[in-house]
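Q: For reference, the chains in residue letters:
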Amino acid sequence: MDYKYIEQLLERYWQCETTLQEENILRSFFSQEDVPVWLLKYKSLFDATAQKEQPLGEEFDKRILAMTEQQKTVKARTISMTQRLMPLFKAAAVIAIILTLGNAAQAPWEWGYEDPKAAMEAMKADSIIMEEPVQAENLTDTAQVMAPTLQKY
Amino acid sequence: MKIISFQNDILPLKNELYRLALRITLDHAEAEDVVQETMIKVWNRREQWAKIESIEAYCLTICRNLALDKTRRMGRQDESLSEEIHETADHSYASNPEEHAMQQDRIKLIRNLVDSLPEKQRTVMLLRETEGKTYKEIAEIMDITEEQVKVNLFRARQNLKQKYIEADKHGL
Chain A
1 MDYKYIEQLL
11 ERYWQCETTL
21 QEENILRSFF
31 SQEDVPVWLL
41 KYKSLFDATA
51 QKEQPLGEEF
61 DKRILAMTEQ
71 QKTVKARTIS
81 MTQRLMPLFK
91 AAAVIAIILT
101 LGNAAQAPWE
111 WGYEDPKAAM
121 EAMKADSIIM
131 EEPVQAENLT
141 DTAQVMAPTL
151 QKY
Chain B
1 MKIISFQNDI
11 LPLKNELYRL
21 ALRITLDHAE
31 AEDVVQETMI
41 KVWNRREQWA
51 KIESIEAYCL
61 TICRNLALDK
71 TRRMGRQDES
81 LSEEIHETAD
91 HSYASNPEEH
101 AMQQDRIKLI
111 RNLVDSLPEK
121 QRTVMLLRET
131 EGKTYKEIAE
141 IMDITEEQVK
151 VNLFRARQNL
161 KQKYIEADKH
171 GL
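Chains as they are written, first to last, in our numbering: chain A, 1 to 153; chain B, 1 to 172.
It is possible that part of the hints are untrue.
Restricting the straight-line Cα-Cα distance to at most 27 Å, the calculated cross-link-like pairs of lysine-lysine (BS3-like) are [said to hold, decoys possible]: (1) 150(B) <-> 136(B); (2) 117(A) <-> 169(B); (3) 4(A) <-> 161(B); (4) 150(B) <-> 70(B).
It should be emphasised that the hints constitute simulated quantities derived from the structure, not laboratory data.
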């Protein structure tokens with residue numbers, strides 16, 4: 001077999017005069033098994049530079065995609081008017097519930113005493129009954145008014 | 001106007017970027033970091049993708065610059081490199097009588113020889129020999145003239161040939 005052509009290519013390769021195609025020819029020539037002995041020393045040179053490591057696997061893809069995906073969702077999210085005002089709606093709903101419950105809770109007192117004065121007196125009477133005797137002595141005015149109640153004690 | 005998809009056009013460049021970063025940083029973990037930073041940087045500039053002529057060259061340029069920054073920050077690498085060369089040389093004629101193993105050792109040796117070249121020469125070499133890029137593409141990626149690409153490639157090939165023949169003589 002004639003290796004003139006290869007030798008010629010090789011010579012031009014060292015001078016950087018070969019095209020990419022010619023370099024590919026050289027590389028495929030040296031990648032085969034039966035390279036003549038006197039050219040064998042160059043085989044590893046071409047083999048070494050032709051090897052392409054593929055070290056980054058799917059794990060790397062996932063990590064990068066996760067990093068870019070996060071930014072994407074923040075960037076691309078469209079918000080409708082209803083979604084935008086959602087916090088406001090929620091706040092309004094909470095206030096409405098509080099008001100309703102407040103009104104409902106007040107209702108029993110309103111029903112209990114039609115006349116505010118009666119309600120007031122009843123409350124005072126309650127509080128005095130709850131008071132200790134020492135304090136009740138100081139409240140003479142009230143004690144006289146409330147005499148029938150106090151005499152029990 | 002072409003539409004560039006990150007997942008289909010840019011992410012598959014990862015191994016090519018990795019090989020470039022590795023030749024510059026000479027460190028696997030650093031190279032992976034560089035590729036990750038490159039991806040994020042390219043992603044953050046996605047508004048400009050439509051204007052870019054070759055996204056591949058663009059990514060490679062960013063990757064190279066980041067890798068160079070990193071090596072500058074790390075300081076010089078020569079010591080760890082020469083150690084590696086001695087190690088491989090020892091293995092190459094101590095343990096393996098088989099032809100295949102010899103071949104593998106030679107490839108390792110050459111890789112180390114390539115790594116011992118100046119950065120420009122080994123980058124040009126990688127882009128030309130492994131990635132099969134034209135002079136014009138390499139010039140664009142490295143931001144130098146085509147003439148300089150040729151000069152660097154010429155020196156790289158001559159250096160490598162010389163060092164290899166020398167190492168081979170000593171080894172056999």
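Q: List in ascending order the numbers of the hints, as given earlier, that are violated by the structure.
A: 2
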